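Line order of the protein sequences matches chains A and B.
Residues in the first sequence are numbered from 52 upward in steps of one, following the numbering used here.
Residues in the second sequence are numbered from 52 upward in steps of one, following the numbering used here.
Think of the hints as simulated: they come from the structure by calculation, not from any bench.
Treat the hints with caution; some may be incorrect.
As the list claims (entries may be wrong) - For the chain A half of the interface with chain B, some residues (derived, Cβ under 10 Å), not all of them:
hint : residue
1    : 68
2    : 70
3    : 87
4    : 124
5    : 159
6    : 173
7    : 242
Remember, predicted model here, so these are calculated numbers, not experimental data.
We put the CB at the ideal spot given by N, CA and C, even for glycine.
Protein chains: 2
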Amino acid sequence: EICERLLAETKAGVLQNLKVLISAGPTREYLDPVRFITNRSSGKMGYALATAALRAGAQVSLVSGPVNQPAPMGVEIVFVETAAEMYDAVLAQADHSDIYIGAAAVADYSPVAVEKTKIKKQAEQTSLILQKTKDILADVALLSNAPFTVGFAAETNDLEAYAQEKLYKKNVGMIAANWVGREQGGFDSEQNAFEIFWHNGRTSLPMTDKNQLAEQLISIIATKFNEKNRV
Amino acid sequence: EICERLLAETKAGVLQNLKVLISAGPTREYLDPVRFITNRSSGKMGYALATAALRAGAQVSLVSGPVNQPAPMGVEIVFVETAAEMYDAVLAQADHSDIYIGAAAVADYSPVAVEKTKIKKQAEQTSLILQKTKDILADVALLSNAPFTVGFAAETNDLEAYAQEKLYKKNVGMIAANWVGREQGGFDSEQNAFEIFWHNGRTSLPMTDKNQLAEQLISIIATKFNEKNRV
């Protein structure tokens, strides 16, 4: 049925001659030289997407946060730590990419001040001032020669509303949304499922292995990209 | 010389019939279901100490934060995530252990409130209220039947002063101090070096592989423990 058809398409090289840029993994926002704010992202989904895009014939660049994933053969990787570094690395490549898939779990906020020496345990309570990081997805989508841009939304609640808001406010081509903090799927898991939204359409990819899911998502991205750009 | 003599002692089973409790790795202090504060600890040093203690004849229990380390054969492991969980797991075993080695990089502060749903990116700035976590090392050392307690101090500055303060204020048996945020050694590195302090004495273990260093440190701990308890 549909999944098998999509898989067959992937294998046929639906991304031949296209440059695909993918970001993956978490970021680290340092408080001091040893402590940082991060998240549960393992990078598995982004790395699986890189492999699937490569198999679909694309030339693939990966911008990766700190992960424990084997580097896929044939993919060019730039490693970064912080949200600011990821912003710079993605924006440096986005304007000469055909497709950008923002699969990284980039920190929304980072500490205003990074202490140069380790903060000592003293006061009973302390507070940390955080400021919004730059919005990579929105800024890529705003480029005059923007690639076809795919964002992710990992939500604990109100998944569809947040995903639709992201799709229209940031003016991206597609949002792949998934639940986190539930029994199955999400961060640091072998499996995941997506609700996929584009302008005037949607589809569901049910819970499966992240490698399978990546193949399916790459097929959908290729279909939408080709509808728009290669008819 | 001294290192070889110490290594030879380790191999002879200097911890025979002793119960050694070791904590290792970082902790995660959650802000919401997906984000947390953590640190650069890889758990390598704690896991190497567990292996070295086992080779020295001890019965070894490990309380471990989230790491990517292979579990040493023959060591009983309890996995925890947060500083509070690590406190409970260590205190549950400390009073029937002969030696406690606190090699974990436990968070000093954790968020006062853990949000039940993912915090959304809204305000330009936000602040996070943090409160001190319970002091595992000090509370183990305060037990009426406290084990011989070894603490660690990872410092970016004033290493000796901080290590001596920790030794006397918390009334522990020994502090192994190391530099972090330098070119060599420290967190997430294959190598490390220690400045070791006990009451009225000190020694240095120069930069070497963490497995070697663990053997040397276990020998010194055994010597000090046996001086005190088995003369």
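Hints and how they fare:
1. With a cut of 10 Å, the hint placing residue 68/A at the interface with chain B is violated, because the nearest CB-to-CB distance is about 36 Å.
2. The interface hint given for residue 70/A is violated, since its Cβ lies 29 Å from the closest Cβ of chain B, which is over the 10 Å cut-off.
3. For residue 87/A, the shortest C-beta to C-beta distance to chain B is roughly 7 Å, which falls under 10 Å, so the interface hint holds.
4. Nearest Cβ of chain B to the Cβ of residue 124/A: about 22 Å, over the 10 Å cut. The hint is violated.
5. A hinted interface residue such as residue 159/A counts as satisfied when its beta carbon comes closer than 10 Å to some beta carbon of chain B; here the least separation is about 4 Å, so the hint holds.
6. Interface restraint check for residue 173/A: the shortest CB-CB distance to chain B comes to about 8 Å, inside 10 Å, so the restraint holds.
7. Of the supplied interface hints, the one on residue 242/A is violated, with its beta-carbon coming no nearer than about 17 Å to a beta-carbon of chain B, more than 10 Å.
The structure is inconsistent with the numbered hints 1, 2, 4, 7, although it conforms to all the rest.
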